[in-house]
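89 is the number that our numbering gives to position 89 of the sequence shown; each next residue is one higher, with no gaps.
Keep in mind the hints are simulated off the structure, nothing from the lab.
Be careful, since some hints might not be right.
Each computed EDC-like pair below joins lysine to aspartate or glutamate, with the alpha-carbon atoms no more than 16 Å apart [to be verified]:
1. K80 <-> D102
2. K32 <-> E145
3. K32 <-> D126
4. K80 <-> E36
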Amino acid sequence: MKHRYVFPLLAVGLVALAPLRARAQGWQPPSKQMPEMPARAELQGGAAGWAGAWLGSQAGAAGVGADQVRAVGEGARGPKAAFVRFTSGVFPVATWSDRNGDGRADMIEVFRDGARIVQLIDPDYDGTANVMRVYSASGELLREERM
Numbered sequence: 001m002k003h004r005y006v007f008p009l010l011a012v013g014l015v016a017l018a019p020l021r022a023r024a025q026g027w028q029p030p031s032k033q034m035p036e037m038p039a040r041a042e043l044q045g046g047a048a049g050w051a052g053a054w055l056g057s058q059a060g061a062a063g064v065g066a067d068q069v070r071a072v073g074e075g076a077r078g079p080k081a082a083f084v085r086f087t088s089g090v091f092p093v094a095t096w097s098d099r100n101g102d103g104r105a106d107m108i109e110v111f112r113d114g115a116r117i118v119q120l121i122d123p124d125y126d127g128t129a130n131v132m133r134v135y136s137a138s139g140e141l142l143r144e145e146r147m
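Build the full structure now, drawing on both the sequences and the hints.
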């Protein structure tokens with residue numbers, strides 16, 4: 001008899017998560033211009049000051065508040081970090097990568113509950129996002145858009 005309540009509870013849980021998934025799948029970057037990578041000194045004070053609209057947007061898609069996000073930079077090329085990992089507790093929120101060392105992010109990945117949900121890419125390194133990939137919670141590519 002206990003099992004007859006499991007399905008309704010699961011259904012309620014899925015309905016409650018539906019708006020969060022839709023918001024994540026409908027995420028749009030605040031700009032097509034990729035953000036500048038932070039200096040290592042900027043990372044010591046958290047993320048809010050220098051990440052601005054990008055951080056708020058990514059935190060919203062990840063389902064956390066921007067004030068809950070911490071950033072850690074790695075692999076500095078000159079004064080700027082080459083890779084920044086944004087986290088909230090144990091879960092990743094986003095990563096920014098500067099793959100060509102020009103000081104601007106070339107790839108941004110946004111996560112929800114530890115799973116990548118969006119990948120924004122500047123494959124020609126001109127500072128403007130050209131490709132956005134949206135993934136399901138299970139990691140399946142749902143769509144790829146040319147921007």
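Now the hints, each set against the structure:
no. : hint         : verdict
1   : K80 <-> D102 : holds (9 Å)
2   : K32 <-> E145 : holds (13 Å)
3   : K32 <-> D126 : holds (11 Å)
4   : K80 <-> E36  : holds (9 Å)
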